[in-house]
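Q: Could you build all of it, start to finish, from the sequences and the hints given here?
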Amino acid sequence: MGLGRYLLTRVLLVVPTLFGVTVVTFVLTYLLPGNPALVKAGPLATPEHIQEMERRMGLDQPVPVQYWRYLSALLRGDFGESATTGRPVLEDFRQRVPATLELTLASLLIAVALGIPLGVIAAVRRDGPVDHLSRLVGVGGVAMPTFWTGLLAIYVVFYHLGLAPPPLGRLSPGVTAPPTVTGLYTLDALLAGNLVAFRSALHQLLLPALTLGFSVMAPVTRMVRATMLEILESDYIKAAWAAGLPRRAIVYGDALRNCLIPVVTLLGVVFGFLMAGNVVVEIVFAWPGIGNYAVTSLLTKDAAPIQGFVLFVAVVYVAINFTVDLVYGLIDPRVRLR
Amino acid sequence: MASSTLESVSAEALAGVPRRPGARLWRRARRNGLSFAALVAIVVIALLAVLAPWVAPYDPDATDAQAVLERPSVRHWLGTDIFGRDQLSRIIWAGRLDLLVALSATAMALTAGAVLGALAGYRGGLVDQFVMRLVDTIMAFPAFILAMGITAAAGNSTVNVVVAIAVTHVPIYTRLIRGEMLRVREMEYAEAARTVGNPQRRIIFYHLLPNCVPPVIVQATLAMGFAILTVAALSFIGLGIQPPQSEWGAMTAEGASYIVSGEWWIFLFPGLAIMVTVLAFNLVGDTLRDVLDPRMRGLA
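Residue numbers (the working numbering), protein chains in the order written: chain V, 1 to 338; chain E, 1 to 300.
Please keep in mind that the hints were generated in silico from the structure rather than gathered at the bench.
Glycine included, every Cβ here is placed at the ideal spot set by N, Cα and C.
There could be a bad hint or two in this list.
Simulated DEER-style distance windows between Cβ atoms [claimed, not checked]:
1. E:Ser157 / V:Glu48: 27 to 37 Å
2. E:Arg133 / V:Ala239: 38 to 48 Å
3. V:His160 / E:Gln66: 25 to 35 Å
4. E:Gly33 / V:Leu71: 55 to 65 Å
5. V:Trp68 / E:Leu126: 21 to 31 Å
6. V:Leu8 / E:Ala112: 25 to 35 Å
7. E:Gln242 / V:Gly86: 24 to 34 Å
8. V:Gly174 / E:Gln66: 34 to 44 Å
9. E:Gln242 / V:Gly193: 48 to 58 Å
10. V:Gly169 / E:Asp64: 31 to 41 Å
11. E:Ile82 / V:Arg125: 41 to 51 Å
A: Right under this line is the structure:
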């Protein structure tokens with residue numbers, strides 16, 4: 001299959017998936033128990049008032065029509081309105097996405113920077129001490145609930161050792177946020193040359209990022225180790241040994257480079273883990289991101305932000321998997337044949 | 001010639017696998033201390049859950065104004081919470097609920113996945129297309145986020161949590177069984193079953209499906225751990241199982257408020273219970289995989 005056709009099939013496969021995603025969020029929003037008109041009209045509304053509200057909200061229309069209205073609203077960027085903040089959901093998102101992004105990126109960095117070397121060394125020195133450590137991380141890290149790891153970190157690092165600031169958001173009280181450029185406080189503070197804000201932002205970020213990073217590191221380590229083991233067993237590595245190439249060149253040249261290609265595909269899986277962990281970590285550390293926003297909306301039974309959040313995450317997830325597929329197809333032509 | 005020998009060998013090996021996996025698991029577990037401990041842990045946790053009314057030292061909901069926020073002691077092994085409720089008893093009862101939810105969700109997902117996967121794999125064509133698009137759609141959501149959305153929309157109840165988790169687990173089994181079905185439908189015994197005129201439903205569910213089981217057992221064991229983590233996380237953020245029902249995630253959430261005043265036992269022990277249980281399921285799942293699929297031994 002040529003590159004052009006490969007791209008085209010990939011794009012064509014994403015369309016039905018995105019369509020399915022909107023159908024699911026639509027079903028979640030509209031067809032399940034609870035009448036949004038009733039909620040909007042308030043507890044004192046008369047039946048006529050409710051009927052009027054249903055008509056205005058289009059709830060008396062047939063389901064396909066309702067879905068079409070939902071979809072066209074989405075395409076216009078209308079995710080509905082939050083009953084709690086009284087603002088469009090998209091607006092609220094725009095304010096909170098940078099916080100989530102900063103936390104997610106920092107965690108990803110930690111997970112990759114620690115997880116990949118750990119997995120590689122574990123595979124190369126199989127059954128050595130590092131391998132045992134990697135198995136401990138791989139098995140233990142997956143079994144520990146992220147919210148609990150976070151609380152444990154707070155208890156030890158903040159309460160006992162006093163090394164971390166109180167787990168309350170992105171900046172210590174009294175520190176003003178740097179002017180927005182990227183929305184990531186650490187980066188913006190550096191750009192503005194504001195070292196006080198930078199230190200504070202970094203300090204606040206460290207514990208939640210380590211918590212989330214640890215939860216994601218486990219699958220990364222496991223998968224890197226498994227891939228690396230498989231590659232070390234392959235014929236071309238055996239051939240390299242037989243040819244008498246130095247160990248360093250084989251392990252860190254041939255094997256590692258070939259191992260990193262499958263690892264790229266892990267990004268999709270890793271993102272799934274990150275988003276799930278993100279929600280609870282944001283709650284535990286009072287981090288003002290979209291996960292926190294969604295959960296706060298859950299507790300006040302505010303439907304639009306939750307459905308918006310589920311949709312948003314799914315679309316990003318699909319986009320990431322799509323990109324990973326594309327990149328994989330570009331760097332490994334064999335994939336295109338499948 | 002060589003290839004037919006290979007095929008008959010692998011067919012024999014596969015046919016031999018499901019016969020006594022229990023015995024093989026036991027033999028392997030006895031040799032490996034960690035697997036053995038995990039197996040014992042699951043048995044103990046399951047027994048505690050089943051026998052909760054008899055083994056829990058206190059009524060899990062009984063408050064005691066004289067014993068508020070007590071540290072772990074001889075009277076209350078794992079301490080008490082703000083209402084003076086015995087933590088150990090609550091953790092035992094919570095285990096009963098968490099295991100029941102995880103088990104029901106796994107069973108539900110497994111049944112749905114088996115039917116969908118078997119039909120898709122055996123029939124192919126449009127049925128396959130439809131099932132796989134459905135599965136793709138579910139997999140377009142990160143599992144926990146979808147479970148969150150479903151529970152939020154359907155309302156907080158134990159049954160809804162079960163359904164939400166089951167829905168997110170269906171794709172795993174559907175894909176697995178579809179793949180196995182594609183393999184076994186070409187086998188000679190499948191051909192034989194067709195030749196003697198069995199109806200299709202009987203071929204699929206009676207002759208072929210049982211031969212797809214081994215990898216599914218591994219997956220289901222690993223998924224149990226994942227399901228427990230999901231129930232706990234949903235309850236932690238305030239969805240799903242509601243107080244005063246004791247549930248591990250919800251108990252951890254209650255304990256979070258007491259960290260800054262140093263009452264560590266309230267958040268620590270429920271989380272520990274989750275970890276030990278999930279760890280046990282994962283280790284047994286890994287051991288089962290080694291037993292049932294020797295190619296994976298030591299790799300993952």
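Q: What are the numbers of the hints that this structure violates, sorted from low to high?
A: Hint check: nothing fails, all pass.
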